[in-house]
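*Asks:* Fit chain B to the given chain A structure using the hints.
Here are the chains, one letter per residue:
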Amino acid sequence: GAGVSQSPSNKVTEKGKDVELRCDPISGHTALYWYRQSLGQGLEFLIYFQGNSAPDKSGLPSDRFSAERTGGSVSTLTIQRTQQEDSAVYLCASSSHHFPGQRNTEAFFGQGTRLTVV
Amino acid sequence: KQEVTQIPAALSVPEGENLVLNCSFTDSAIYNLQWFRQDPGKGLTSLLLIQSSQREQTSGRLNASLDKSSGRSTLYIAASQPGDSATYLCAAYSILTGGGNKLTFGTGTQLKVEL
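The listed protein sequences correspond, in order, to chains A and B.
Going left to right, the first sequence walks through residues 1 to 118 as my numbering numbers them.
Going left to right, the second sequence walks through residues 1 to 115 as my numbering numbers them.
Calculated from the structure, these hints are not laboratory results.
Take these hints with a grain of salt, some might be off.
What the hints assert, rightly or not - Simulated pairs of lysine to any residue, SDA-like, Cα-Cα distance not exceeding 20 Å:
1) B:42 / A:42
2) B:1 / A:44
3) A:11 / B:42
4) B:42 / A:41
5) B:1 / A:61
6) B:42 / A:10
7) B:42 / A:7
8) A:15 / A:38
9) A:57 / A:73
10) A:11 / A:118
11) B:42 / A:39
12) B:42 / A:87
13) A:57 / B:95
14) B:42 / A:5
15) B:112 / B:81
16) A:57 / B:94
17) A:11 / B:41
18) A:11 / A:37
19) B:1 / A:46
20) B:1 / A:37
21) A:57 / B:99
22) B:112 / B:11
23) B:42 / A:108
24) B:42 / A:26
What the hints assert, rightly or not - With beta-carbon atoms standing in for the labels, derived distance ranges:
25) B:26 / A:63: 28 to 34 Å
26) A:114 / B:98: 27 to 33 Å
27) B:29 / A:13: 35 to 41 Å
From the three backbone atoms N, C-alpha and C, an ideal C-beta is built for every residue, glycine too.
Here chain A stands alone, though its shape is the one from the complex (with noise of 0.2 Å):
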């Protein structure tokens, strides 16, 4: 796609249910990340994906936090029994990686899903 979609761009769900946060990253991007936005704490890295791997989760904050994405392209992420403390905005960023380590790569970020959790 011409950009990095997200979706759904506004979710509200009741305590305790799980979530699924979708991400589809531009088309021929290999670098997938997850980025949180929560009041009081700036925006967060939570994961890194490179292909369908992930090297880096060092940001996911609890155990009910997890993420897969396919056919390296589109990226899902699974909160599972929601709180009130993950009410946050949900961001995907994406980048095109030709090595590991590759420095000069700008990142992509999609719109956002604003996740508000009652």
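*Replies:* Positioned in the frame of chain A, the structure of chain B alone reads:
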């Protein structure tokens, strides 16, 4: 651990004024430095990307500079307009396990340009 700070946190200026937003980072071993704009309830819009070998980038009324040795970047906005009102974020790129690039974001400067 990289930490990115932006000063001021908020800024209100009259239309037409030139202004400077500041960004500082603690670890000078960065690659790119990128400035974004975020409108309320919206995602991130990329403004300027300064690569590690560069010292500045310009786009229209915007100019961003990077001094890695001092851990600073500035975003200069010339002849500000009400449409420039938004939150401005800077982000420093560093290497992740597995070779990707992690962005560490500053806390943002909320700009209001008044008529």
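*Asks:* Which of the numbered hints above does this structure break?
*Replies:* Violated hints: none; all satisfied.
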